[in-house]
Amino acid sequence: MGSIKRLKQFINDSDINRFRTYFQVGAFFLLIYGGYLAIDISSNMPTFACPFVEMRGGTCYLWPLQHQMNMEIRHFLTGRGIGVLTGFLTFLFLLILFNKAWCGFICPLGTVQDWITKLRANIGIRYGTYPEKDFKKINKIKYILLVLLILLPFGIANLGLSHDWATPYCMICPSRTILPLFSADLSQLVIDFSSKTKVFLTGLGMAVTGIFVVGAFAKRRFFCLFCPMSGLQYIFSRLGILRLEKDGSRCTRCGNCYRVCDVGIKEIADDIESRNIVKEDCMMCFKCVSACPEERCLTVKFGGIAIYESTERGFFKRIEKKG
Amino acid sequence: MKLSSIALFLILIGFMTWPEVSQGGTEEAIYLSEVPPQGHNMRHGSSHRQGSEHSEHRAVPFRKVYLNTHELSDDARAIVLRPDGTITEAPLSHDEEGWSVTLDMRPMDGSLDGIFNLYVINKELRDETLLIRIAKMNIINHSCGWGHKFKFNKERLRPKSLDNIPLEIVGYEMWDRNFHRRMASGDMFSFSVLRKGRPVKASVKVRTRSGWMKSLTTQEDGTGAFQLIRDYYPERWSEFKTRYYSSFVLIAEYEADEEGTYRGRSYKRIRIITTLPWKYQTARIEYTSYAYGLLIFTLFSLFTGLVVFLYRQRHKGRWVL
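In order, the protein sequence lines correspond to chains Y and D.
Going letter by letter, the first sequence gives residues 92 to 414 in the numbering used here.
Going letter by letter, the second sequence gives residues 4 to 324 in the numbering used here.
A hint or two may mislead.
To be verified - Residues from chain D shown here face chain Y by an in silico Cβ test under 8 Å; the list is partial:
hint, residue
1, V63
2, F65
3, F243
4, T291
5, F303
Said to hold, decoys possible - Between beta-carbon pairs, the in silico distance windows are:
hint, chain 1, residue 1, chain 2, residue 2, range
6, D, K319, Y, T343, 26 to 36 Å
7, Y, F291, D, R80, 28 to 38 Å
8, D, A187, Y, V116, 30 to 40 Å
9, D, D190, Y, A212, 16 to 26 Å
In case anyone wonders, no lab produced these hints; they're calculated from the structure.
Only a predicted model underlies this, so the values are computations on that prediction, with no experimental measurement involved.
Idealized CB from N, CA, C, for every residue including glycine.
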C-alpha cells in the first residue's frame, strides 16, 4: 500500500471529534491570547474573534463592517469605499478557504458552547433534541440581525440616528460579555446608563447572555442558530473550497448523521439529491462524516481533493474505541 | 471669639487660594489647541469656538492646530517628530485667529500610523532673562482602516522626546495600542519633565477646561503624577455624552542662572515654560452598573431555564432523548 493511501486510511479511521476538540482549544487560545505573542491574523475574520478582548489574535468581520456602514452614501465611492471593499474581500478570501469550518473548528463562542455541553454531559444531565419545525421558525432571526447590523450604523451617517447605534450587534452579542472573561475582564457585564439607547442595548446584551448560557446548556450549539455571522457565511458558502459532499446513492437513511448533528440539520439524512450538503446552520464539524457507516457516502473535500471520508472500517474502529 | 474664628477662617481661605490666584507662568504659557481660541491669553478651553475637533479614528493629510497667542518672535520654530522617528519643521502662519501650525501627515498609507510630537519654540529676551516658551502637542495620526499593525511595536507606541528641546513634558500611558486616547477621569496621569532630554526637577501646574488647577513639583528624576478629576457635569443627565472629552493643559516651569547671548544681547538668567495639553473621557464607572447587569442576567437565565424545563416536561418522551 502506498504511503498516501496509508495516510488516507489513517485519517479516515481517526476520530475527527477528538482532533476537533484539540484544534478548538488551540484556536481559542490563539484568538483570545494571540496578542501576547504579537499575533494579529486579520481584522476581517469570519468568526467571533471579539474586539472587546484586548489581547486577541484577530478581529471579527462584523466589527469593522458595522463601523464601515456608518458612512455617508457619497463616501462609498471614494477611497473609504475601497477600504470597505478590501475588508469584504479579506473576509471572503478567509471564508472561501475554510468555509463554515470557521464555526465548527475556530469560533471561540462556539467552543465555549461546546464546553458548556461537555459540562452538562459530565454532570449527568440528558441532552435535548427539539423538533426541527420549532427551530425553523426562529432561525431566520440571524438574517434579521444581519440586516439590522448593516442598516442601523448606516442610519447614523445618513439618517441622523444616534451614534449609540454604531455597533448594535456587538452590544447584544454574547461574545462581548463572555469572551473578555477569559482575560479576567469583567468590564462588559454592565448596564450603560449614559443614554436610553445604551441602556436598551446593554440590557438586551445581558439578557441575551443569560439566554445564551442556559440555552447552550439545554441545546448543543444553541446560539449558532441565531448567529448573523453564520447567516453571512451561508450566503457565500457555495464559493468555499472546503466542501462537504454527499453521494445520495450510497445513503441508507439510517439517520446517524442527523442524530450526531449539534444543530439538528435533518436534510443531512433526508436529502439524497444534493451533492453539496452544507446547509444553512451547518458548522462543518464533520461529526456526520465520522458517524456515517457507508463507504464514501459523506466526503470532506478541499479544493476538489477528498481529505476525509466516511468508511465502514473507520466507523467500526471509532465504535470499538468508544467501547 | 466668634469674630476671631471668622478672621482665622478668612486667613486660612486666603492662604489656600493664594497660590491659585498667583498663577505664575500659566498666563505667559503658550499652548496648542485643536480649535482656534476665541480670544487670546484666555483660560485654556474656556474660549473654544464652535468647531469640530480631530477624530482619532480617521486620518487626514493635514492638521491645523492653533496657538493661544498673537505674539511670537521672528525666529519661532515649529519642530515635528514623526512616528517613524524622522524630524521635520512645520510652517507657522498668522491670521486673525492668531498663530497656527499646519502639520503634514502624509503619506496616508499607514506608514506614519502613530503619534506626532509637535513643538513650537519661542524665545525672547526680557530684561536680563531669556524667556523660552514651548508649546508641545501629541497628535494622533491614525486610521482604524490601516489595520492597527503597530499595536505590538514597542518603539512606535513609546512616548518620545527630543534631546534638543529646552524643556519638555513627556506624558505616559496617554494612548492605547491602537493609538486611541485611553485616559479617563480617576486615572493617574504620570509624566516626566526633561531638560534637553535629561530629567529635571520643575514646578508643574495642571489646568482643566473648567478652570480647576493643581500645582505640584516633580521628583528629582523628573517624574510627577496627578489624578484626573471628573470635569464634565452637564446640566441634565439626558445631555450626558460618553464621547465628550474633558481637556487639561500641563504647564511646567524651570528657572536657572545661566549666562549667554541671544541675538547679540547677553542674559544672566534663563526661564523656560513648556506646556502639554491632553484630553480624557469620563470614567465608565460613573455611568455603568454591574448590579443591574447581573440582575438582568440572572432574571433571564432563570426565565430561560424555566421555559426549557416546561418545554421538556411538555414534550417528555417525544423529543427529549
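Here is what the structure says about each hint:
1. V63: It is violated, given that the least Cβ distance between V63 (chain D) and chain Y is near 12 Å, above 8 Å.
2. F65: It is violated, given that the least Cβ distance between F65 (chain D) and chain Y is near 16 Å, above 8 Å.
3. F243: holds (6 Å)
4. T291: Status holds, d = 4 Å.
5. F303: OK, holds: F303 (chain D) within 8 Å of chain Y, min 3 Å.
6. D:K319 x Y:T343: 26 to 36 Å: Because 30 Å falls inside the window, the suggested range holds.
7. Y:F291 x D:R80: 28 to 38 Å: Check failed, 52 Å falls outside 28 to 38 Å.
8. D:A187 x Y:V116: 30 to 40 Å: Taking Cβ atoms as reference, A187 (chain D) and V116 (chain Y) lie about 35 Å apart, which means the hint holds.
9. D:D190 x Y:A212: 16 to 26 Å: For D190 (chain D) and A212 (chain Y) the Cβ distance comes to about 45 Å; the hint is violated.
Going down the numbered hints, you'll see the structure goes against 1, 2, 7, 9, while the others check out.
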